[in-house]
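If you're matching them up, the sequences are chains A and B in order. Residues 1 to 140 (the working numbering) are what the first sequence spells out, left to right. Residues 1001 to 1303 (the working numbering) are what the second sequence spells out, left to right.
Hints are computed from structural coordinates only; laboratory data are not their basis. Just so you know, not all the hints are guaranteed correct.
What the hints assert, rightly or not - Dumping the calculated DSS-like pairs for lysine-lysine here, alpha-carbon to alpha-carbon at most 27 Å:
| id | chain 1 | residue 1 | chain 2 | residue 2 |
| --- | --- | --- | --- | --- |
| 1 | B | Lys1008 | A | Lys138 |
| 2 | B | Lys1008 | B | Lys1188 |
| 3 | A | Lys138 | B | Lys1188 |
| 4 | B | Lys1198 | A | Lys138 |
| 5 | A | Lys136 | B | Lys1194 |
| 6 | A | Lys125 | B | Lys1198 |
| 7 | B | Lys1039 | B | Lys1089 |
| 8 | B | Lys1188 | A | Lys136 |
| 9 | A | Lys49 | A | Lys19 |
| 10 | B | Lys1089 | B | Lys1298 |
| 11 | A | Lys136 | B | Lys1008 |
| 12 | B | Lys1035 | B | Lys1089 |
| 13 | B | Lys1194 | A | Lys125 |
| 14 | B | Lys1198 | A | Lys136 |
| 15 | B | Lys1188 | A | Lys125 |
| 16 | B | Lys1008 | A | Lys125 |
| 17 | B | Lys1194 | A | Lys138 |
| 18 | B | Lys1227 | B | Lys1188 |
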Amino acid sequence: MNIDSIKNGIVIDHITAGKGMEIYRLLGLDALDCQVAIIKNASSAKMGKKDIIKIDADITVNTDILGYVDPGVTVDTIRNGELVDKKKTELPERLVNILTCRNPRCITTTEQELPHIFRLTDREKGEYRCIYCETKGKTS
Amino acid sequence: MRSIIDIKELSVEEIDELVAVGKDIIANPAAYAHKCEGKKLATLFFEPSTRTRLSFEAAMYELGGHVLTMADAQSSSASKGESVADTAKVISCYADIIAMRHPKEGAPMVAAMNASIPVINAGDGGHNHPTQTLADLLTISREKGRFDHMTVGFCGDLRFGRTVHSLISAMSRYPGVRFLLISPEELKVPSYVKQEIKAHALSYQQTTDLVSAMPELDILYMTRVQKERFFNEEDYLRLKDSYILTPEKLASAKPDLCIMHPLPRVNEISVAVDDDPRACYFKQVLNGKYMRMALILKLLGIR
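Use the sequences and the hints to build the structure in full.
Structure representation (structure tokens):
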């Protein structure tokens, strides 16, 4: 299967096979006007199978979301057909408005304008806790 | 400018320093009587807690400062829907330091993020209550002369008791401390608290039996077993008496045991224990005031 290489844009590579659509949704790529290709189950020497997303526009992607949902994903920036930047994502130290605190006693439940901020408390387990009430974060 | 929301924000050295100041205030109260002249403490209590509020206010008066307070939460701007962030910004224009209690967990942190003056967490729901822990630590230091190498028993509701979690967290930083966690199955310490003990390579033991644990204890920290924490009344009735401290249960205790309780007490320590020289819970109240004085001085940068 052939998909044109992009001239100016972003390639999100090394996505765990099956997570491509989730990342597409979380990054809000459906709102983009440009060409976006989601490649599912591409063969990979390292991973066996992987998903890839190619975006034909030089946009800024939220690497915190990527690092949280699928640490290890790489974000390649292509300009004039050349790879100019390659970033490997990892679990971010802080997540802002990605997780929602579900503790009914947390201040975020009554003060709606407060950002929901979680900090990484255990990198090995990928555990995040709300900075306000220390309740464990869960993906909705 | 610094606030204190969680006891863990204070290093072991800073706690030592606060305890030293607390003891110095006890020894030389006159030397501190004018330290906060011209300074104002605002006590913002969004849920009723007369004793903690009075302790903060007494602390500020004894430092020669002034106190601004709200009559009660019902008459405050919060009841009109003002956010904690806005309240903190407004009070920053009137006072030099804030002590805040709030039913919502994390509210004092939000206040600290928005205030231009230091904020002390005076209790946020079931979450943190750092000045209670400071009171507990001064009590342990005065009664035992040390924080390390001792067996500390916690008894009662260890699941929801925030004062228990904070004191375990603070004591976990000292070498040779062993924890005996005495509670009904339903009210055992949460796993993250046990993880903290393990992270410091200290040991703990969980038991349901207060009497058999008694001879080993250097400190016994009592808390109340509340009826509403149980799924059925039968379990509550079966268990409630085993966690009430009486002179009979103290028969096998060490002669220098230190009995503590964050208060208010309901019936978990029999009144007959009050006359025992090992009862330290009213001393804790007094120590709380001294540590609040020490903390106010530290946060206002007054030596």
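Each hint, compared with the structure:
no.	hint	result
1	B/Lys1008 to A/Lys138	holds, 24 Å
2	B/Lys1008 to B/Lys1188	holds, 22 Å
3	A/Lys138 to B/Lys1188	holds, 24 Å
4	B/Lys1198 to A/Lys138	holds, 25 Å
5	A/Lys136 to B/Lys1194	holds, 16 Å
6	A/Lys125 to B/Lys1198	holds, 17 Å
7	B/Lys1039 to B/Lys1089	holds, 18 Å
8	B/Lys1188 to A/Lys136	holds, 19 Å
9	A/Lys49 to A/Lys19	holds, 11 Å
10	B/Lys1089 to B/Lys1298	holds, 22 Å
11	A/Lys136 to B/Lys1008	holds, 18 Å
12	B/Lys1035 to B/Lys1089	holds, 25 Å
13	B/Lys1194 to A/Lys125	holds, 17 Å
14	B/Lys1198 to A/Lys136	holds, 19 Å
15	B/Lys1188 to A/Lys125	holds, 23 Å
16	B/Lys1008 to A/Lys125	holds, 22 Å
17	B/Lys1194 to A/Lys138	holds, 22 Å
18	B/Lys1227 to B/Lys1188	holds, 15 Å
Hint check: no violations occur; every hint is consistent with the structure.
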